[in-house]
Structure formats: structure tokens, C-alpha cells
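There are 2 protein chains.
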Amino acid sequence: MFRIIYNLDDKVPNFIRREQKILKHTFYYSNSIKPVLLNYTIMLNFELQNPVKIFFGKGEIAKLNTQIPKDANILVLYGGGSIKKNGIYEQVTAALKDYNYTEFGGIPANPEYEVLMDALAIIKSEKIDFLLAVGGGSVIDGTKFLASAALYEGDEPWDILDKGIRTEVGMPFGTVLTLPATGTEMNSGSVVSRRELGEKRGMGGPGLFPKFSILDPTVVASIPQRQLANGVTDAFTHVMEQYMTYPIGADLQDRFAESIMSSLVATAPKLMGDASDYTTSANFMWCCTMALNGLIQKGVPNDWAIHAIGHELTALYGIDHARTLAIIAPRHYHHFLDNKKEKLAQYGERVWNITEGSITERAKAAIAKTEAFFHSMDIPTRLSDYTDQYHGTAEKVSETLRERGWVALGEHKAVTPEAVRVIVEGSY
Amino acid sequence: MFRIIYNLDDKVPNFIRREQKILKHTFYYSNSIKPVLLNYTIMLNFELQNPVKIFFGKGEIAKLNTQIPKDANILVLYGGGSIKKNGIYEQVTAALKDYNYTEFGGIPANPEYEVLMDALAIIKSEKIDFLLAVGGGSVIDGTKFLASAALYEGDEPWDILDKGIRTEVGMPFGTVLTLPATGTEMNSGSVVSRRELGEKRGMGGPGLFPKFSILDPTVVASIPQRQLANGVTDAFTHVMEQYMTYPIGADLQDRFAESIMSSLVATAPKLMGDASDYTTSANFMWCCTMALNGLIQKGVPNDWAIHAIGHELTALYGIDHARTLAIIAPRHYHHFLDNKKEKLAQYGERVWNITEGSITERAKAAIAKTEAFFHSMDIPTRLSDYTDQYHGTAEKVSETLRERGWVALGEHKAVTPEAVRVIVEGSY
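Protein sequences, first through last, are from chains A and B.
Note that the working numbering has the first sequence beginning at 1, numbered continuously upward.
Note that the working numbering has the second sequence beginning at 1001, numbered continuously upward.
Isolated chain A (complex conformation):
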């Protein structure tokens, strides 16, 4: 399960993937913790390329017909049908009126492999050659899987996920984003679930960048409060995972990350108050995209352990992904305070204006501010707020990780199964 983090092309920098190659047969057990300390002191080398064409603003959906070849045979993919209530469906079909297209609705949250296989059958039988995702992260991630599977020459598309096959070339696809949160509209990663195996796997590769993504902030007005809060929390945590490590003097990357967090902090109360305000929704949408399009992670160490642990809570209790992050993040930062206190204090000062006290005191105050921020959006941050059955969760998660041959995560490779046990126990 933890591979989903490592396989995501634009969600984890190369150096972590290289480390992963070295470490993948080295398992750390709680009784023999021996973390590899990766202490970089200068900006890391990086590669950056993001060819996605963004159309941002009210009314941009009408430009669909300038971006899809006229002779394309399109499969339009969407989720549970909310696009038929908020006017998006009408705008999309109006823009496609001179095209040959087929629809495929019903892609669920955590895009399900079996459902996607039905869509793949249609792609083959209808000789589809262009995919259009109209939805949020799940619809877009599902479409990315299909873009890969449609051109995959092996017998078993699951292998793309199971064997971590990188997608160099995929069927061309575009997206119309209806739920800002994950950033998938401007990266080349995807996560797909397969319920029958109880698995959730990641995939990536340059063939999974959308040809274009259309971001019309007016869609935000019809999103339920719960999803808005989740979106802010997801994007905010994406930034933290790429930032809250240790200082290496990558000043501009730090400031860009702090910019996104500061902007989300300033925007969230307005968004929860009136999601129909254009300025608010436009800023929310652009923050979510910039939080995970590859830019801020370049040249700096990344963490991503919060996501890995959070996924386990979703698997056990069905808690919304974003909410698992809000549960784990404060405990994770407390547990690794020694490793992360300099960045926590810098974040505290620049995002929360915390200037009093020692580095450790400021770091702790910054964690408290972060937790209060989640609370301000009605996101509880204790596992016991979500389930009465929380007793034993820490041992269960930790044991699951050991069974899977857990590779210690985090920027110092210090997040061992035992550390996870302590963090999860602290989250009760």
C-alpha cells in the first residue's frame, strides 16, 4: 500500500525514488530501529517539466472545442452525476456538440478498478481515441488509469499498478475540474483502488499529464461545505508534506510553499462563509493546483509519511482521506519535533506570525495553530471523533505495516512501524 506514494511520478522527487530503490529490500522492525539519516545541506538537483495547458476562469469550458481534435472519438467520464445539477454537464455537452462522444458516468470516490474496467471495455468497443474527465480527483485519476490501460499491450491492466509500470505514452486526455483538492489536474500521478483485493495503488509517468485542464472557479459554489473543508485540508497537507522537513537553504521553494499555506489560511474562512464569491473560489482553486503540480517539491527533501499513515485509517474506518491527514499531521509533527522544529518554527513565524519563545516553543505553537485551523473548518482531529472502535488501531496499523515489509518513510527515513504506532496512538 505504501508504494502508492513512491510510484507517483510527480508527487515524490527523484531522490526519494532513488532512495527507495536502494532501500526497498531493507525492512525496519520496531525492535531494530536503525533509520537511515538523509541529511542534505544544500538544494538538491532536480528536473522539472510540466506540459499541462491550463485554462483558468469563468466560461473557459467553452474552449473545449479548441483543444480536442475535430475528428476525435471521445469518451466523457464523470462521477455520481453532480455535474448534471450544477450546469457543468450542459456547458461540456454544448462545447462538444460537433463531436462524436460517448458518456461513462458513475466513477466512485477512490476510483474503483472494476468500474474502470467497464469503461475500458467501452474504449475498446467504441474505438475511443480521446478521454475527457469531468470531475474531481477520483474521476481524473480514473481517467489517467484508462489513458494508460487503453494503450497497454499486456494482458492484465492491473499489472500497470501492481508492477509499477511507468506510463511513457497514454491515450490523450483532458480534464474539466469540478472539485479543487488533489492537484491531479496538473500532475502525472494517479491512485486507483481495487476493493476485491483491498488494495490502493499508484501509477505515474509522462504519458499521464493531461493535454489540458479547464479550471472554472464558478464550479466551487455548488460544492458541499464538507468537500470544501476536505479540499482545503488536502491541499494544505500536500504543501506541508513537501515543506515540513528540515532547512537546506532552498529559500524560494520555502517561500512558495508558505505562500500557498498563507493563502489557504486567508481564504478558508471566506470559502466556508460564501463559496459563491469569485475571488475566494478562484484563489482556493489555484492554490489547490499549485500545491501539487511538482513546483514546490523540487530541490527539497519531502516527507509524505502523513499520507501513508492516513491511507491506513481510510482503509480501516472509511474516514475521508483529507480528514485522516488532519488526524495524523499534528501527532506526526509532535513525534518528530526534534527533526522538524526549525521548519515548524519558520512556518509558525511566516504563516501564523508566531515570533515569541524558543524554536521548540514556536514549533509547538505552530502545530497547535495548524490543528486549530482544521477545527475552524469543522474537521475533527482525533481518531475517537470518527470511531468508537479506535482502541488497538495503533497496533493494528503498525502490525499491518510490518507484515507488508514496511520501508521506513519520511525525509530522514525515521518513520518506522514503531514510530507509526506511537503517532497513531497519540491520535486517539
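Any given hint might turn out to be false.
Claimed, not checked - Restraint-style ranges between C-beta atoms, simulated for each label pair:
1) 162/A <-> 1154/B: 36 to 42 angstroms
2) 1375/B <-> 356/A: 55 to 61 angstroms
3) 358/A <-> 1070/B: 45 to 51 angstroms
4) 1062/B <-> 42/A: 48 to 54 angstroms
5) 42/A <-> 1108/B: 50 to 56 angstroms
Stated by the list, open to error - Pairs of lysine-lysine residues, derived as BS3-like cross-links and limited to a Cα-Cα distance of at most 30 angstroms, are as follows:
6) 1211/B <-> 53/A
7) 1070/B <-> 211/A
8) 63/A <-> 1053/B
9) 1163/B <-> 53/A
10) 1053/B <-> 211/A
11) 1053/B <-> 163/A
12) 53/A <-> 1124/B
13) 63/A <-> 1211/B
14) 63/A <-> 1163/B
15) 70/A <-> 1211/B
16) 211/A <-> 1063/B
17) 1063/B <-> 53/A
18) 1163/B <-> 1124/B
Claimed, not checked - One-sided and incomplete, this derived list gives chain A residues near chain B with beta-carbon spacing under 8 angstroms:
19) 46
20) 47
21) 286
Everything labelled a hint here was simulated from the structure, so no lab data went into it.
Just so you know, even glycine gets a beta-carbon here, dropped at the ideal spot from N, CA and C.
Please arrange chain B on chain A, whose structure you already have, making use of the hints.
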């Protein structure tokens, strides 16, 4: 001359180019000032696509041979030969040892059309099919012209510049950046000079994005102080031109712009003190690229009048481009204080920590801080610091603009020839 700003594809947002189309036959004279007020109140719609592949870090030049097709017939372009003294030439030729390549050196600052035509003749005679620019802004801009001219089917390549022909497809090229400043390594604009006509023209188009750009910060160590100061000033002013207008609630764009300026402010004294420090040079280099790669200008009004006026001072007195910006910027902001005071005050607070006084007082203090910043890098900010012959310059520049059918510039289209006269006179 002022077209150079307007034709630059990724240096000016679409909305300004659209305005320009509307306004280009409307001339404003000093005795009939009637500026068009463009007062946007919300984030502007935008398109963003930047396919350049960046390789950043020490030793990345060795990856050249992973990015150029093995059977390419390459023309390597460079400037006055500094690359033969600082080790770049050796690294480049080592990486190209299995390739067929020809060299063309001697591209001057403000890349000269006549020199480039010599290079074009070599491209034709040697059947070159890939260009590699090894240099700073002038070498890269010259290479962009050649990428366009090499595939141009008309008789007269000057038409590309003179008639503003957009380059949809160009000969593929890559760059190895040796002088951070202009940002051209990650955008699709270029400026070329033609001395015999006394002209400096811009060009652009998606065909002018480099296929890749290699940014190795260790090159910074060998750059003379004067060029370092110019680089910081150029990049800083690029950001100001895209930011110092009026607030429209584009919070993330504002914060990104402020991040680059804050980072340059923090980095400049270290850079002037020890350019061989890797952390310092890496941050300087990345700031310069991010200052003009299209990201921060999207969705917001832009100004660019400082560049337009500054170009005239270079034309008259041969003053370094960056230094003309330092001369004009403070006067320009004072003259348009009423239009720009909110953004100036916001910049003052977030970049310079100016929190006391009225908006106007804070705006003025922010201008003073900006001027002092240029002084801190030994960049004089008065025209009289550069020439004794400054008397009459204001009238001369203003008159030249009128003769050319000057279209009022700036985010409010308020920078008329008369306003330019006052600004330049104030700079003596």
C-alpha cells in the same frame, strides 16, 4: 521600439495584447491626455502552458547527451568566449563528444541581427537540425531567433520581427544558462537588435520554448559583480512589472511575486559578498527563472512601462538594460502613486516590513527601500550618474515616442508621452 514588449509571448498576458490590438491606432498626445482606465476587479482569465524541461543543479550539464537526439547535427552558439575560461565549454564539449556539432561564437549583448544572419547561413550550409545555446540572455534570445528563422519560408527573416510573425514551430533547441537574469531560458520570448536600422524588436510563439534548459548554479561563481547586480535588478524589476499595479484579489499570484522579491532581497547581499556559495547562487538562479517564466503574470494586470522607457535610455546612452530599470522604476512609481499605492503599501509591508503610516506614506517608504536596494548593489539610480548629457533627455524620449505613434502603456494605459517626459525628467 515599444512593440518589443507587446510581442513577447510569455512576457505580457493575453489581455494586454488584446488591448493593444484595440488601441494600436489610437495615439495619445500630451495636449490631449485621455487614458483608458482598465479597472479589473477580479482575477483575470488566463491560459498557462510551459513545456520547458529544466535540469537544475551542479553537474547537470553532463545530461546534455540524454536530451539531444543521437543523430542530431548541432550548432553550438555562444557569446564572447567567457565559457572557455570558466569550464563550461569543456563540460559541454565533453557531453557532446559522440555528436556531430559545429560552433558559432561571438554573439554580442543585445543579439545583433547581422551576426545572427551569419549563423543562419551556417545552419543552412551545414544542414543543422538542432541548436544549443550556451550563454546568457543574449545568446539564448539570438538562438530563439535562429530557431524561427531556420524554418521560416519567407524571403526576409527580418519580417519575423518587423511584421510580428508568431513562431508556431521552430527548430528544436536547448540551452545551458551561464548568466541568470532575463528568464528567457524558461519562456518563449526573444528580443533582437538591428543596429543598421537602430531597432530592437521582440518575437514570440510556442515554437520558441527551449526543449530543455540546464541551470548549473556553479556558473555563478565566475560572473563579474556588475553582471550579478544587473541580474538581480533585472529579475527584481521583472517581478515588479507583473505585480505593482492595483489589487484584484489574486492572492496567490501576489504572494508568489512577493516571495521572489523577498528572496532576491535576502540573497543579494550574500551574492555580492560571495558568489561561489552554492546555496546563494542556486537561489539567485532559480529566482531569476521564476521571475519571468509566465507563472506570476497569469490572471493579474501587468505594467511593463518601466521596461519600455528604460529601453530608450539604453538606445540613447548605452546604459545597461538593468540599470535603466533602476533609474526609471522609482520615478515611475512616484508619478503613478495614486494608481499604485495599495500594491506599493502591500509590497512595503510584506517585502520590507513597513507597517507604520498611512497607505501613501507606506507606499513612499516602499519606493525608497527599493531604490536603496539598488544602491546596495552599487547600482546608481539617477540618469546624471551615467551621463553628463542628460539635459533634454525627457523631451527627447517623449518626442521619440510621439513620432512612433506611442500607445499609452501601463496597467491603466496612463503612461502617455507626457507622463514619460515627467518620469524621465524626475530621474535626472
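Results of checking the hints against the structure:
1. 162/A <-> 1154/B: 36 to 42 angstroms: 55 angstroms, violated
2. 1375/B <-> 356/A: 55 to 61 angstroms: For residue 1375/B and residue 356/A the Cβ distance comes to about 34 angstroms; the hint is violated.
3. 358/A <-> 1070/B: 45 to 51 angstroms: 58 angstroms, violated
4. 1062/B <-> 42/A: 48 to 54 angstroms: Violated - the Cβ-Cβ distance for residue 1062/B and residue 42/A, about 18 angstroms, lies outside 48 to 54 angstroms.
5. 42/A <-> 1108/B: 50 to 56 angstroms: Between residue 42/A and residue 1108/B, where Cβ atoms are some 35 angstroms apart, the hint is violated.
6. 1211/B <-> 53/A: 16 angstroms, holds
7. 1070/B <-> 211/A: Distance of about 27 angstroms is within 30 angstroms: holds.
8. 63/A <-> 1053/B: Roughly 26 angstroms separates the two Cα atoms, so the pair holds.
9. 1163/B <-> 53/A: 27 angstroms, holds
10. 1053/B <-> 211/A: Holds. Residue 1053/B to residue 211/A sits at ~16 angstroms (cutoff 30 angstroms).
11. 1053/B <-> 163/A: 27 angstroms, holds
12. 53/A <-> 1124/B: 33 angstroms, violated
13. 63/A <-> 1211/B: Holds, at about 27 angstroms.
14. 63/A <-> 1163/B: 28 angstroms, holds
15. 70/A <-> 1211/B: Holds, at roughly 27 angstroms.
16. 211/A <-> 1063/B: The given pair, whose Cα atoms are some 26 angstroms apart, holds under the 30 angstroms limit.
17. 1063/B <-> 53/A: At roughly 26 angstroms apart (the allowed maximum being 30 angstroms), residue 53/A and residue 1063/B satisfy the hint.
18. 1163/B <-> 1124/B: 23 angstroms, holds
19. 46: 5 angstroms, holds
20. 47: Where the cut-off is 8 angstroms and the nearest Cβ of chain B is about 6 angstroms from residue 47/A, the hint holds.
21. 286: Result: holds, 5 angstroms to nearest chain B Cβ.
In terms of the numbered hints stated before, the structure departs from hints 1, 2, 3, 4, 5, 12, listed from lowest to highest.
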